[in-house]
Amino acid sequence: MNTVEVNEVSKWFGPKVAVSEVSIGFGPGVTGLLGPNGAGKTTLMRVIAGLQVPSQGSVSVLGRDPRVDPSIYRSMTLVPEDEAIYEHLTGRQFIELSARLAGIADPKGRAREVLEIVELTDAADRALGGYSKGMRQRAKVASALVPDPEVLLLDEPLNGADPVQRAQLIRLFKELGAAGRTVIVSSHVLREVERMADRVIAMVDGRLAAVGSVATIRAAMTDKPRQVFVDCSNPRVLASELIGTSNVLGVQVNDELLMIEAADAREVAMQLPRLAVAHDISISRVEPADESLESVFRYLVEGR
Amino acid sequence: MVLTMHLYRRLMQRSRVFWLILLASVPGLIFGIAGIDLAPDDLSEAFVGIMLSVGFTYAIAALILTVSTLRDERDAGTLPYLYMRPIPRWSVAVSSLLAGILAAGTIAVGGWVATVLAGLIHGADMAVIIPGAALLLAAAVGYAAIFVPVGYLFSRSVLVGLGYLILVELALSGLVSGLAQLSIWRIAASIYVDLVDTTGLPIDEALGAVAPGVGGGLVKLGVVLVLGLGVLTWALQKRDAL
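Protein chains in written order, with this note's numbering: chain A, 70 to 373; chain B, 56 to 297.
The set of hints was computed from the structure by calculation and includes no laboratory data.
Hints are supplied without guarantee of correctness; some may be wrong.
Between beta-carbon pairs, the in silico distance windows are [what the hints assert, rightly or not]: (1) H157(A) <-> R294(B): 51 to 61 angstroms; (2) V269(B) <-> K177(A): 41 to 51 angstroms; (3) F82(A) <-> A182(B): 48 to 58 angstroms; (4) I184(B) <-> S124(A): 48 to 58 angstroms; (5) V231(B) <-> G198(A): 44 to 54 angstroms; (6) P232(A) <-> G218(B): 49 to 59 angstroms; (7) G107(A) <-> Q292(B): 26 to 36 angstroms; (8) K293(B) <-> H157(A): 24 to 34 angstroms.
Remember, predicted model here, so these are calculated numbers, not experimental data.
Think of the CB as a built atom: it goes at the ideal place given N, C-alpha and C, for glycine as much as any other residue.
Next up, chain A with everything else stripped away, as it sits in the complex:
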C-alpha cells in the first residue's frame, strides 16, 4: 500500500520545467530516486515535502495534502540537500530545537536518543559550524528522526560523508525501511542507491525514466550499446577490421580518433590489443565515451 502518492505532478519555474507530469507511488521500504544533477529529484522531493506548490497535479502523504495540513509533519520529515544548518547552535541545541518545534514532550531525552542513533553524542556539544560535512549530514538526519517519522525524505543524504559514515547511514536507512517506514532517498550515484534501495525510480529531465528493482535498471543499462574512443596511429585500418566483428555495431573515424559503438565494451577491450599487434598499430588511449549517469539515463528515456 502506498503511503505517498504523486499524481500527475508538474512543477515549472517560469519557462523552466523542473518536473513534468510525474505519477508515482511510494510504499514502505527504501526507494531510491536516481537521476543526474538537474533531473528534478530535489524539486520532486520538495513538492512531496510540501515546500513547493505543484504547478499542476497533487501530492498525498498518508492520505493528507502537506500544503493544507501541517500536522502531517508529525509523520513526515526531510533531510534537505542544502548544506545549510544553524552554525551557531551546537548539535544538541539544534536537535532540541527540532524536538521542541515538533512538539515532543521530552525534547532533551529525544535529542539524546537520536544523537546516539547517528553516533554524534561525543560531538553533541560542539557548534555545528565546526562540524565536518559528514557530521552535518548526520546532524540533519538526527533532526529528521526526531518525530520518529513514518515517511522520511532524504535528498542526497550521503553527500560529504566518508566511507565509514556512508556505511553507517546506509545501514540506518535500511533498518528504517525494514521497520516499515517509507524511506525515499535521492542520489545521482547508482552504487549508493544500489546498496540501500529495494526499488529504484530513475528521473531524467524532470520525467520518470524507469521504475523497478535495481536489477531491472542495471539490466536496462547493460543493454545499452557502449561508445569507446580509441586514439591510435592508424584508425582507418583498425576500423575496417572491427566493423566485420559481430560485437561492433558501428565505427567513425575523425583524424586520429576512432569511435566504436559496441554491444559489449569489454569485448572491444579484448579485441583491440590483438588487432593492434596484427597490424602494427600503436594505441595511445582507449576511453569509454558515454559512461556518465546522465547518458545512461538518457538512453533509458530516449533509447539513444
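Using the hints, position chain B against chain A.
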C-alpha cells in the same frame, strides 16, 4: 514561543544589531550635538520635536532588521527546519511577526536610550520619555507587520521596503491626504503627539491628514497587524517555501 525566540535570536546578530541601534540613535546623536548651542528654553521643544523630524531613521533600521525575519532562513536554506513542523501556518505567521516586533522593539529601545541620554545631558524636559517610547514601539509593531511579510515574499525585500518608505511614507502620504493613513510613521506619530505638549511644533507636517489620538492610532496599528498576519499566513500556505 519556541519559534518566536529562535527567530528573534537569529535576528539579533551582534554586528547587525550594533549598526542598527546606531542608526536608530541618530535623533539622540543629533540632539546631543545640536543641544550644545540651544538656549535652555528651546531645549525641551527641540527634544519633543526631534523624534518627529529625525526619528524616521528608525524606520530604515526597522526595515533592514524585520525583512530578515524569514528571509534569512529562506536565503540560508534553513527554512525547512522550521516550516516542516506540525504548526499551523497562522501560528508560524504569528511567531514570525512577534519575533519581528521584538527585534524592532529592541532596536527602538536602544535608539530611545541614546536619545534620552542626550536629553538628560542637556537637561531637557524628560516628560517625553514615555510618549517617545510609545512612538518607537508603535512604529516597531507597524513596520514589523509590513516588512516581515515583505521579507518572505520578495527576494529583494530591502529594496521593496525602501520603495514603500520613500514613495509612501516620505512622498505620497504628504501629498495625497488619503495615503497618509498608510504611513506607519505618521500613525505612530499620531500617538506621540497626543501624549506630549506639541505647542509650537510643525504637527501638520509630521502627521499630514492623520488625526492625533492614542485610540485611533492603536486601532490603525491593529488593522495593519491583522493585514500583515493575513498576508503572511496566505504566503506561507500558497507560495513556495524554497
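For each hint, the structure was consulted:
Remark: the range hint 51 to 61 angstroms for H157(A) to R294(B) is contradicted by a beta-carbon distance near 27 angstroms. The beta-carbon spacing between V269(B) and K177(A), approximately 45 angstroms, falls within the hinted interval of 41 to 51 angstroms. In this structure, F82(A) and A182(B) meet the distance hint of 48 to 58 angstroms, their C-beta atoms being roughly 57 angstroms apart. Range check, I184(B) to S124(A): about 55 angstroms between beta-carbon atoms, so the 48 to 58 angstroms window is met.
Range check, V231(B) to G198(A): Cβ separation about 50 angstroms, and the 44 to 54 angstroms hint holds. For P232(A) paired with G218(B), a C-beta distance near 52 angstroms keeps the hint of 49 to 59 angstroms intact. Under the hint 26 to 36 angstroms, the C-beta atoms of G107(A) and Q292(B), about 29 angstroms apart, fit the expected range. Between K293(B) and H157(A) the CB atoms are about 31 angstroms apart, so this pair conforms to the stated range of 24 to 34 angstroms.
Checked against the numbered hints above, the structure violates only hint 1.
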